[in-house]
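Colleague: Going line by line, the protein sequences match chains A and B. So the working numbering is basically just the index in the first sequence, starting at one, shifted up by 589. So the working numbering is basically just the index in the second sequence, starting at one, shifted up by 1047.
Read the hints as simulated data drawn from the structure, not as lab findings. Please note: incorrect hints may appear among the correct ones.
[Stated by the list, open to error] Below, in silico cross-link-like pairs of lysine-lysine (DSS-like), each with a Cα-Cα straight-line distance of 27 Å or less:
#1 A:Lys632 with B:Lys1218
#2 B:Lys1137 with A:Lys891
#3 B:Lys1208 with A:Lys912
#4 A:Lys886 with A:Lys853
#5 A:Lys912 with B:Lys1229
#6 A:Lys853 with A:Lys715
#7 B:Lys1209 with A:Lys592
#8 B:Lys1218 with A:Lys592
#9 A:Lys1121 with B:Lys1137
#10 A:Lys1088 with A:Lys1113
#11 B:Lys1209 with A:Lys1113
#12 B:Lys1114 with A:Lys592
#13 A:Lys799 with A:Lys886
#14 A:Lys912 with B:Lys1169
#15 A:Lys1123 with B:Lys1158
#16 B:Lys1114 with A:Lys1128
#17 B:Lys1218 with A:Lys1145
#18 A:Lys1113 with B:Lys1158
#19 A:Lys1166 with A:Lys1123
#20 B:Lys1209 with B:Lys1229
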Amino acid sequence: MAKELLSGNEAIARGAWEAGITFASAYPGTPSTEILENIIRYKDDIYSQWGANEKTAMEEALGASFTGARALVAMKHVGLNVAADPLFSASYIGVTGALVIISADDPGMHSSQNEQDNRHYAIAAKMPVLEPSDSQEAKDMVLEAVKISETFDTPVMIRMTTRTSHSRSAVELGGRQTPPVPEYKSDFAKRNLLPGNARKRHAVVEERLKKLAVFSDSFAYNTIIKGKERVGVLASGVSYQYGREVFPDAWFLKLALPYPFPVKLFQRFAAMVDKIYVLEENDPIIETFARLAAPQKEIVGKEVFPLQGELSQDVVRASLGLKDMTLRHAGEGVPGRPPSLCAGCPHTAFFYNLGVLKVQSKGDIGCYTLGALRPLSAMDTCVDMGASITVQLGIEKALEKAGKTNPQVAVIGDSTFFHSGITGLIDVIYNQGKSTVVILDNSITAMTGHQENPGSGRTLMGQPVRQIDILKLVRDGLGLEHAYEVDGYEVKAIRELLKREMARPEPSVIVIRRPCVLLYRKAKWSPMVVDKEKCTRCKTCLRLGCPAISTDVDGKSLINVSLCTGCGVCAQVCPYKAISYADEKGLHIGAMTLESFAKGGGK
Amino acid sequence: MTTQSILICGVGGQGILTASDLLSDVLLQAGYQVKKSEVHGMSQRGGDVISTVRYGDQVFSPLPALKETHYILAFEKLEALRNINYLSEKGIVLVNDFEWQPLPVAAGFEKYPQDVVAQLQKLSGELVLIPATRLAAELGNDKASNVVLIGLLASRMDIDKKIWLEVIHRKVPPRFLDLNLKAFESGYGFKP
């Protein structure tokens, strides 16, 4: 069989294809995004789509399963919070075709607001969870999940982590199973969770868990690896790999199916050793089950190994005092390199204006969260997807009750607005909020690497569709009187609109529209240039936080020609008119819409 | 063979993940077990990026360990220093002689250290500086600096050059092939 180096996410996609899955949906979120992006490789065999959010994506996958089709839904760990409602119902209902739920957790919070351990969800929703330790297992687990799902009539969760999703290792490729032929057959007692039906389904779920516990004891991927010493390591996920490096002579019990916990298998394993180390990322889940299953055994777990962050062979060694972790270079004098908005980003002018107006926006989740970082420093809250608008309404109403006014600005991106911002805006309109909601519409889900959304004009599978126009949606659909649109590069126009709408004692929406700069690919832009005679070193342009702008040896502003896109925002903010186009007639992004750029013409 | 580690680091957009993919594929073709880890997400927006490749007879962890990495291949000088603690005592640092100011430096909040090369010299078993960005620019596209650096790494590793060339031929799109082959040779033949 051919072997290929695949990332965990690519391996999940491959597994979906091999397992005869024909429906896949997701909402993008790091580290899960590439699963669906790779599933489109198999678009002749698998229908795939982005949902507006994780909840819609999961319900759509469940609907597909109702027809007997095999379905997969993928999301990041916090996305499962959004999809928690259908998750619990899906467990009671069970499946017809397999339903595989991928939760990509983010220990270490590489790009997330928390590091919740979603194995808790599997336990709470009473469904099995699989944890691959490398790419081969990631692929294998999809095939196993499909089998388990259809054998036990249950949705199955696969818990990936940033490390398993984004590491590459060799995977043996196999052929595709023949997918079942879908057909919708009504099953009222199973799928309509009226209380009378749901009570009966709960009994089914409890019986199912008992059978799954027996299965877990004999599941081939829950493996004992013989050792030379009477020391044992119980591990799940990528932690197993770290354990193998640290304990070359120990016995291992590797759990690919940590829940339901294989009690008998673990007890057999425990009998071989005198002491057991438990390696797992985040919470002590298999550790808790292990302590219950072998109360007399010496077990070393989270009292030694950290609850926070990723594990690694270093972290395991350091926790046990096995490695001198003294650093040769303490890191002093090494400036950080935080991510920033791109040169030419259409969000920059808006955040710059907030700084001028001395307003801290209530923020949301996307590229624009980087507006919180210096020098822009214009966002003081970021809670979860969609929370900008709602948090702002809460602040406003609480202050209002105390007779205080405090003009607020909520800022949210297009994809996040479709995801869960729109319901918040409905709250604002219904409850007569007075705040200003700014929707930064760059027509793509940019932060996770450019996934299509309802405003993009095409689907995941590349089909052109009508764009949902956010301005029309809020003005004509929600009947919001004060809804306006402005170009992201128009510094003054944005500022005037902001001032006017913040002062207005009514709800208003400003849609700042300009496609993501990275969508205008492969252009030789004519850059901006600084007139050194006119530059006074006032550093106003540096307050934009544009990566193309720095200073020269004299402290005067300097524009990096290879990064600059000629958006012209810096020229607009320069009080001394020291910045201009290097070539007036050249190609400037600011003078182009995406459509005109694609056609090779001007505005 | 015990597990060997190579750490590739630089700034988002410099082609680090492409380089580590290429390296991983070469090692797989050379008959090793290979594991690669990479950093995604926020780092793609001008932040620092690390990718590590581990190879040997049997590789478990995809992550490098402090003080155990054999090569650091740095696409930017400051990034070499940021990751220097991963280097083993006799480890080799191959670094692009290229400075890219982080935003806090450009915006005047922090200073770019002036003695990066001296510090690297002190902390590495061997240091090789290569003007990869300039060499790639001379070949027509500074974006090919990643393959110049891969060429330099290839010249230091005990793997048949034919495998490197075969993988480049297979992985690089035809219109960039000539540029990348030249970039590889320019790094492979580089004399400090």
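Colleague: For every hint, state whether the structure bears it out.
Modeller: How the hints compare with the structure:
1. A:Lys632 with B:Lys1218: Answer holds: Lys632 (chain A) to Lys1218 (chain B) is near 22 Å, not above 27 Å.
2. B:Lys1137 with A:Lys891: violated, 35 Å
3. B:Lys1208 with A:Lys912: Roughly 37 Å separates the two Cα atoms, so the pair is violated.
4. A:Lys886 with A:Lys853: holds, 15 Å
5. A:Lys912 with B:Lys1229: Given that 27 Å is the threshold and the Cα spacing comes to 43 Å, the pair is violated.
6. A:Lys853 with A:Lys715: holds, 20 Å
7. B:Lys1209 with A:Lys592: The given pair, whose Cα atoms are some 20 Å apart, holds under the 27 Å limit.
8. B:Lys1218 with A:Lys592: Given pair Lys1218 (chain B), Lys592 (chain A) holds - Cα atoms ~16 Å apart, limit 27 Å.
9. A:Lys1121 with B:Lys1137: Roughly 47 Å between the alpha carbons, so the hint for Lys1121 (chain A) and Lys1137 (chain B) is violated.
10. A:Lys1088 with A:Lys1113: violated, 36 Å
11. B:Lys1209 with A:Lys1113: violated, 35 Å
12. B:Lys1114 with A:Lys592: Violated: Lys1114 (chain B) and Lys592 (chain A) sit about 31 Å apart, past 27 Å.
13. A:Lys799 with A:Lys886: Holds: Lys799 (chain A) and Lys886 (chain A) sit about 25 Å apart, inside 27 Å.
14. A:Lys912 with B:Lys1169: Distance ~23 Å between Lys912 (chain A) and Lys1169 (chain B) Cα, so the pair holds.
15. A:Lys1123 with B:Lys1158: holds, 25 Å
16. B:Lys1114 with A:Lys1128: Distance ~41 Å between Lys1114 (chain B) and Lys1128 (chain A) Cα, so the pair is violated.
17. B:Lys1218 with A:Lys1145: Since the Cα atoms of Lys1218 (chain B) and Lys1145 (chain A) sit roughly 43 Å apart, the hinted pair is violated (cutoff 27 Å).
18. A:Lys1113 with B:Lys1158: violated, 31 Å
19. A:Lys1166 with A:Lys1123: Holds, because 7 Å separates the two Cα atoms, which is no more than 27 Å.
20. B:Lys1209 with B:Lys1229: holds, 15 Å
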